[in-house]
Amino acid sequence: MIWMFIIGLLSGIISGMGIGGGTILIPALILFGGIEQHVAQSVNLTAFIPTAIIAIAIHWKNGNIKYKLAIWITISGIAGALIGSWMAIGLSSRTLRISFGIFLMIMGIYEFFRKT
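Plus 3 on top of the position in the sequence shown (first one is 1) and you've got the numbering used here.
The hints are simulated quantities; they were obtained by calculation from the structure and are not laboratory data.
Don't be surprised by glycine CBs; every beta carbon is placed ideally from N, CA and C.
Mixed in with the good hints, there may be bad ones.
Distance windows between CB atoms, simulated [to be verified]:
id, residue 1, residue 2, range
1, 66, 35, 35 to 41 Å
2, 65, 12, 42 to 48 Å
3, 34, 75, 32 to 38 Å
4, 118, 22, 14 to 20 Å
5, 6, 107, 18 to 24 Å
6, 62, 34, 27 to 33 Å
7, 119, 65, 19 to 25 Å
8, 37, 118, 36 to 42 Å
9, 118, 9, 18 to 24 Å
10, 78, 45, 37 to 43 Å
I would like the entire structure built from these sequences, with the hints used as guidance.
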């Protein structure tokens, strides 16, 4: 149970920073919690709601939100979430885990070589 607390705490910190708690939460739930990929992703999405609300409130208070951009990203994000959920349901847990791993590696490589 202490592992789940630590995993949740780290995930929340990462989420609050805007990095995406799922990069910590999903692999940690699979490795340390023995949870199936589909379940780990659903837990991540459920945990994302309150952390996102807190992060939005803080960023809104600090004036860090560009509303016109946020509206377009929200609309396209909803469409992408519907498509992605539909696709994930049809994939095996192994295929979904491999796809997620490849995605994390690509993003890691991108961030490593990105010029700031």
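Numbers of unmet hints, in rising order
2, 9 and 10
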